[in-house]
Structure formats: structure tokens, C-alpha cells
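Here is what each chain is made of, one letter per residue.
Number of protein chains: 2
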Amino acid sequence: MKTTLDCIPCLIRQAIEASRLVALEPCLQECFVRDVLRWTSEMDLDGPPPLLAQRIQRRLRELSRVEDPYRALKDQQNHLALGLLPELQRRLNAASDPLALAVRLAIAGNVIDLGVKGSLSESEVRQALEQAMTEVFVGDLEAFRQALAKAERILYLADNAGEIALDRLLIEHLGPARVTLAVRGAPVLNDATRVDARAVDLESRVKLIDNGSDAPGTLLEDCSASFRAEMAKADLILAKGQGNYETLSQVKGNLFFLFKVKCAVIADHAGVPMGAQVLVHAAAAHPEPYGVRA
Amino acid sequence: MKTTLDCIPCLIRQAIEASRLVALEPCLQECFVRDVLRWTSEMDLDGPPPLLAQRIQRRLRELSRVEDPYRALKDQQNHLALGLLPELQRRLNAASDPLALAVRLAIAGNVIDLGVKGSLSESEVRQALEQAMTEVFVGDLEAFRQALAKAERILYLADNAGEIALDRLLIEHLGPARVTLAVRGAPVLNDATRVDARAVDLESRVKLIDNGSDAPGTLLEDCSASFRAEMAKADLILAKGQGNYETLSQVKGNLFFLFKVKCAVIADHAGVPMGAQVLVHAAAAHPEPYGVRA
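First to last, the sequence lines map onto chains A and B.
Residue numbering for the first sequence follows our numbering, starting at 248 and increasing by one per position.
Residue numbering for the second sequence follows our numbering, starting at 248 and increasing by one per position.
No lab work stands behind these hints, which were simulated from the structure alone.
Backbone N, C-alpha and C define an ideal beta-carbon position, used for all residues, glycine too.
Be aware that a few hints might be false.
If we take Cβ atoms under 8 Å as the criterion, some of the chain A residues that face chain B in the derived model are [stated by the list, open to error]:
| id | residue |
| --- | --- |
| 1 | I255 |
| 2 | R260 |
| 3 | I263 |
| 4 | V280 |
| 5 | L284 |
| 6 | S288 |
| 7 | G500 |
Here are the computed distance ranges between Cβ atoms for each label pair [stated by the list, open to error]:
| id | chain 1 | residue 1 | chain 2 | residue 2 | range |
| --- | --- | --- | --- | --- | --- |
| 8 | B | D387 | A | S368 | 35 to 41 Å |
| 9 | B | C278 | A | D315 | 16 to 22 Å |
| 10 | B | A531 | A | R373 | 49 to 55 Å |
| 11 | A | A514 | B | Q336 | 40 to 46 Å |
| 12 | A | Q378 | B | C278 | 26 to 32 Å |
| 13 | A | A531 | B | R338 | 53 to 59 Å |
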């Protein structure tokens, strides 16, 4: 999807908050924000929002000399979400429709997007998950169930740290033997990397790859050839989170998006209400499709 | 006060929303937003936020060829607030401390800052006013009462349309004969101008002046010499709203700010909680005072 004017103040706010996270020196911080504003004034709005976010976060890492600014937050998110797994697994075991619950939980994990909002307590995360269980759900679970029944090679595109622990529940339900899990190729925001897949004990359970890119989404032209080959080989792709939706909504393929609607721009683009949990096939999400190139 | 980095995304969001209010052609809208971003990337952060807002709104009026983009909204705000006056006047007449209530109502009027948020229903405005009656109040009402007892020439700096109807209740309580009411010199956002003072029937009750400026605040260097002379002659100045606080917080003089805290930057600068109603003397608000120049 394209970047809208409404994305701009949000991207700038995110940049400012990120600059605080690494405690950038005030003069460096001002220089950084001025760079961001200048780039934004000249940006190509035909690209998706993660394209600018990628550039912003690269510059922040460069100026701060911090390789992974969100590492401590991501560790905290993983730890919190991992602590919830035993109880959630018991609920899954007792559920009348475990797939429906596993999908809900995986999307709910997308709520624990601390992003740049600082820290959340365990009780806040529990509350967010409980609320997520009763939120509006938009999507065709039966079509998803049928797609899963036929799939032999599933590529699962992870989104954030913390959330990736809840992805583990869904992946285990799908059957890890047929799943390849893809994380980002390098740190960006609180997006999950190989470090996070290891932290939630997923590396030992599935084939783990990274996409070779430091964009907070899946910018195909920025991903590695080996990642694109995996994408072309998969007969079903599950893409988690808004960043993957923003970058892949025009891709043609057997791809389902699973995300929580956290902003009005996405709600408008996907035609779904704010706050909803969404499970939507790419065929229903792309006005101008283009193919996945290996 | 200076412009903080956190003011920037907010000013940009305000610009985008304002461009929708005048239904700017998409290509003009993009050009406008790119201008705003470029100016922001080069702006002097030592100036107060209304300095950039002034430039943005000027450019919008120029591109849209609409002299007063917020006119219809301001008319609606005035009409709504005027409709509430008889009932509020009855409550004032029955109040044990009418000054305290009139101050609360005048500050509460600052809540009806539709700004660029579109339209509010009468019931929403009533609800906002009722809530405002019980909100946290920060300020020294007794010092204000004593200052009023001594004042012979009161200069009252208005803020928004709609709100100005509730200012009328306070002005009538103060005694209109000693009050000069100042509005903005030209349209900017939903700030009150002479049109609004007339609409709420204040022109016939007080000496009405304008400040000669189209900034959403009181930028002294941009105000007319006659306005600055009025300011220098006054022995007590009441300044309504965040915009006046942002532009006058460093002015030395017998000046009270009356406003509702609507953003975290102001809360931080004034050392008061978000959402609070504030009545604060300039002596408590300026770390680096400078004098009022006539």
C-alpha cells in the first residue's frame, strides 16, 4: 500500500520516541529529526510506510551507534509472553475449536506491540489478551481452515518480539514440520529477528530463515534472493502484523494476513473497523496485484 | 515557550486536517504538506509553536483561496455555546462563589476547542462542560480574587470561538466597564476574531480591540503597536488558552493564564497534570522573563 499523508505525523512521532529510547544527545537528536523531516518532505508517497521507517531506523542506529536499540524491550516482551504460554496452551487444549483460538491468540499477540511505548506490566498484557478474545473478528476462518488442510509448505512471516511467542502456539497447532518461519534480517524497531525466535524456543521447532532486510515489513526488492525463493516455493504464506500487510498487500499469491488494526489508515485501506482482529486473504486485499519474484 | 520536538508531529497533523477542511485539491494538498515538512525541517525551535502554525495557516489560506477556513465551524461553536448561556447564568446567580464558578466555566469553554476535529453535538458540549466542573483545578483563586479587587484596567485576551461566549459570563462578573477584550487580528484556526465577539454579543458590552496579528496566540512582535500599548496600560491581563500561554509564558507583568491542559508538552512546561484546569500567574510561569514593550 502507498504511504498516506496521515502516515507522516505518525512516522515522525515514532522517530522522536525512538531517539529517546537510545538517549540520543540533544544536538544529535535535533539533527536526526531534521533529517527525518527533510526526507519526508521529499519522499515518494507511492512506496509503503515501512520504506521511510527503515531509513529512519537505519539513521538512528548510525547516529546512536546502538546496533539494536529495542533489544532490552524485546527481551522484556519475549519474557512476558513466554510466561503466559503454559496457561494459554491449557486453554487451547480444552478449546472446542483450537484453530480458531490459536488464530485469535496469534493476532492478539500483535496487541503486545510495545513499539516505542515503553514497558508493559504482565497484568496489562494479560488484560490486552483477554480483551482480544472478544474483539471484532473480520475474516473467513473456514477458507483459512481449508487452505491449511491442503498446504504442504507454509511460510510464516513473523512480526514483533513478544508476539512471536504466541505465534509458537499457532505454529505448533499447524504442525511445525511443514512450517518455515521467517524473521527480519536485522534489527528494526521491536520486530522479531533470529535472536527472538531463539528466545521463544522456536529455532529448534521449525525451519528458521531471515528475510535479509532491515525494513519493518517485507519489502520484496530489499529481501534476499534466498528468502524470495522460499516465498515462491511456499504453497501458503501467513503474514503477521501491519508492517507485513503494508508491504505485501499488493502481492499475488496464496497469502493470508493476520493482524490487529491499530491505525485508521490501515482500517480504511483494508475496509475493516479500528481495533478489529483481521484474517484476510491477499486476493481480497490487493487492488493492483503483482507476482512474487524469486 | 520554545517549540519542542513533540510539537512537530502535532503541528503537521493539524496542517493535514486543516487541508481537508478546505477540501484542497490532492496535488495542492501534497504540495502544501511538503512545504510544511520542509519549513519544519529548517525551523528555529527557539520560537513558540504558534509561530509555525501561523505560517502553515497563512499558506493554507493562500493555496485554498479561502479567507477564513474555520468560519462555518466557528459559527457552529458560537451558536452552541450561546444556547447554553441562560442555564449557565442561572447557575452562576445561585452559586455560593460566583467568581470561582465563572472562572471554571471560562476555562471549561477552552474544552470546546473543536479545532480541526470536526463538529460536536450540543449534548457532547454539555457533557464536556459538566465534566469540566469537577476536573482538577490548579491555581491560586484567592490571589486572582485579590488582583481583581485592585484592577482598574483589565485586558482580556480571548482564545477560541465558542469559548468566547463563556468568556462573556466571566467578563460580566468582572464588570465590563473596566474590561478591554482583545481578539485575533485576522482568521487563524478556530481562534476568535471580531466576528466572533459580535456573534456572542460582546462588542456592545466591552471595549473591543484586535491584536493585529494572525498568529494563534499573542506573538508580541507581530501584534500592532496599538495592541501593545493597550497591553502596557492594563494593570491586569487575563490570557485564555494554550496558544496565549505558549506565546506569553515568558512575559513579565500582572498576567494570569487561564487554560485547559490539552497536551503533554504544556503539562510538562507548566508542571501541571494533563486535563487540568489552570489559573496561573505569569510570575510562576516564566523562567526567563522579558518585559512587555509598548
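Open item on the list: Hints numbered earlier in the text: which of these fail when held up against the supplied structure?
Closed with: 7, 9, 10, 12
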